[in-house]
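*Asks:* Sequence:
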Amino acid sequence: MILASNISCKRGNNLIFENLNFKIEDGVATIISGKNGSGKTSLLRILANLLKPKKGDIIWKGKSIYKNIDEYHKELTYIADINCSKENLSVYENMKFWKNLYKSSISNDLFLKLLSNIDLDNYINERVKNLSSGQKRKLELTRLIIEERHTWILDEPFLGLDQHSVSIIGQTISDHLKQKGTVILSSHIPVNITNKTYIDLDLHESN
172 MILASNISCK
182 RGNNLIFENL
192 NFKIEDGVAT
202 IISGKNGSGK
212 TSLLRILANL
222 LKPKKGDIIW
232 KGKSIYKNID
242 EYHKELTYIA
252 DINCSKENLS
262 VYENMKFWKN
272 LYKSSISNDL
282 FLKLLSNIDL
292 DNYINERVKN
302 LSSGQKRKLE
312 LTRLIIEERH
322 TWILDEPFLG
332 LDQHSVSIIG
342 QTISDHLKQK
352 GTVILSSHIP
362 VNITNKTYID
372 LDLHESN
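Taking the numbering used here, the leading residue of the sequence shown gets 172, the next gets one more, and so forth.
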């Protein structure tokens, strides 16, 4: 479980949201909603410890994440709204890179199954720079399985995906929740996940 205590966020001279308090439960998808500019990405980056809040704290396992950074990061996968794959490497080479980096235990058979499920099996040796934006997004999302982490923080994970891939990723998230994983995400696309709750940043704007 993750607790946010009196979180406020400032962008330049503008206070985006303030005094935000919420609880993120294991086994429940927490969906960050709000209009453009309301701070959805900023909040996700705060939760991923990529951005410091103006004030407030994030509590994990009873402690501030700022006093337990290394352990917190070991349980965390963060996928931004931009793709971070290495453009000059192939699909397979990127996946192997992630597997080695995160010391993943997944097998080559699961690699191939992952690629087949998201229709990338015919692009296994293709350089990432030659893929479409949707294909790049699908590759990025394979990290959810490869990294084997408890907490997923996802910024617009369905961006650029076809309906089939949206369903596959939605099911992957649901399966993770069934294992009592933690999922926090933003999405402009309706999320077909039964067990979910919302944090509406429009209700916490700084006026």
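Derived from the structure by calculation, the hints contain no laboratory data. It should be emphasised that the depicted structure is a prediction, and the values quoted were computed from it without experimental measurement. Just so it is clear, CB atoms sit at the ideal spot from N, CA and C, and this is done for glycine as well. Some hints could be false.
Quick list of in silico lysine to aspartate or glutamate cross-link-like pairs, EDC-like style, CA-CA up to 20 Å [to be verified]: (1) LYS194 <-> ASP371; (2) LYS267 <-> GLU297; (3) LYS206 <-> ASP228; (4) LYS284 <-> ASP228; (5) LYS284 <-> ASP333; (6) LYS349 <-> GLU246; (7) LYS274 <-> GLU319; (8) LYS270 <-> GLU246; (9) LYS351 <-> ASP371; (10) LYS270 <-> GLU297; (11) LYS226 <-> GLU189; (12) LYS225 <-> GLU189; (13) LYS238 <-> ASP252; (14) LYS300 <-> ASP290; (15) LYS349 <-> GLU319; (16) LYS274 <-> GLU297; (17) LYS300 <-> GLU246; (18) LYS181 <-> GLU258; (19) LYS181 <-> ASP371; (20) LYS274 <-> GLU318; (21) LYS349 <-> GLU196; (22) LYS245 <-> GLU319; (23) LYS194 <-> GLU264; (24) LYS234 <-> GLU246; (25) LYS351 <-> GLU246; (26) LYS274 <-> ASP241; (27) LYS223 <-> ASP241; (28) LYS284 <-> GLU264; (29) LYS367 <-> ASP197; (30) LYS223 <-> GLU264.
Derived Cβ-Cβ restraints for the label pairs, each shown as a range [unchecked claim]: (31) SER278 <-> ASN192: 17 to 27 Å; (32) LYS267 <-> GLU196: 29 to 39 Å; (33) LYS223 <-> GLN350: 27 to 37 Å; (34) ILE240 <-> GLY331: 26 to 36 Å.
*Asks:* Give a verdict on every hint.
*Replies:* Against the structure, the hints come out as follows:
| no. | hint | in the structure |
| --- | --- | --- |
| 1 | LYS194 <-> ASP371 | holds (13 Å) |
| 2 | LYS267 <-> GLU297 | holds (14 Å) |
| 3 | LYS206 <-> ASP228 | violated (24 Å) |
| 4 | LYS284 <-> ASP228 | violated (40 Å) |
| 5 | LYS284 <-> ASP333 | holds (19 Å) |
| 6 | LYS349 <-> GLU246 | holds (17 Å) |
| 7 | LYS274 <-> GLU319 | holds (9 Å) |
| 8 | LYS270 <-> GLU246 | holds (15 Å) |
| 9 | LYS351 <-> ASP371 | violated (23 Å) |
| 10 | LYS270 <-> GLU297 | holds (18 Å) |
| 11 | LYS226 <-> GLU189 | holds (9 Å) |
| 12 | LYS225 <-> GLU189 | holds (9 Å) |
| 13 | LYS238 <-> ASP252 | violated (27 Å) |
| 14 | LYS300 <-> ASP290 | holds (17 Å) |
| 15 | LYS349 <-> GLU319 | holds (15 Å) |
| 16 | LYS274 <-> GLU297 | violated (24 Å) |
| 17 | LYS300 <-> GLU246 | violated (30 Å) |
| 18 | LYS181 <-> GLU258 | violated (33 Å) |
| 19 | LYS181 <-> ASP371 | holds (17 Å) |
| 20 | LYS274 <-> GLU318 | holds (8 Å) |
| 21 | LYS349 <-> GLU196 | holds (12 Å) |
| 22 | LYS245 <-> GLU319 | holds (10 Å) |
| 23 | LYS194 <-> GLU264 | violated (38 Å) |
| 24 | LYS234 <-> GLU246 | holds (15 Å) |
| 25 | LYS351 <-> GLU246 | holds (13 Å) |
| 26 | LYS274 <-> ASP241 | holds (16 Å) |
| 27 | LYS223 <-> ASP241 | holds (16 Å) |
| 28 | LYS284 <-> GLU264 | holds (16 Å) |
| 29 | LYS367 <-> ASP197 | holds (11 Å) |
| 30 | LYS223 <-> GLU264 | violated (33 Å) |
| 31 | SER278 <-> ASN192: 17 to 27 Å | violated (42 Å) |
| 32 | LYS267 <-> GLU196: 29 to 39 Å | holds (34 Å) |
| 33 | LYS223 <-> GLN350: 27 to 37 Å | holds (31 Å) |
| 34 | ILE240 <-> GLY331: 26 to 36 Å | holds (32 Å) |
Violation of the numbered hints given earlier is confined to hints 3, 4, 9, 13, 16, 17, 18, 23, 30, 31; the remaining hints are satisfied by the structure.
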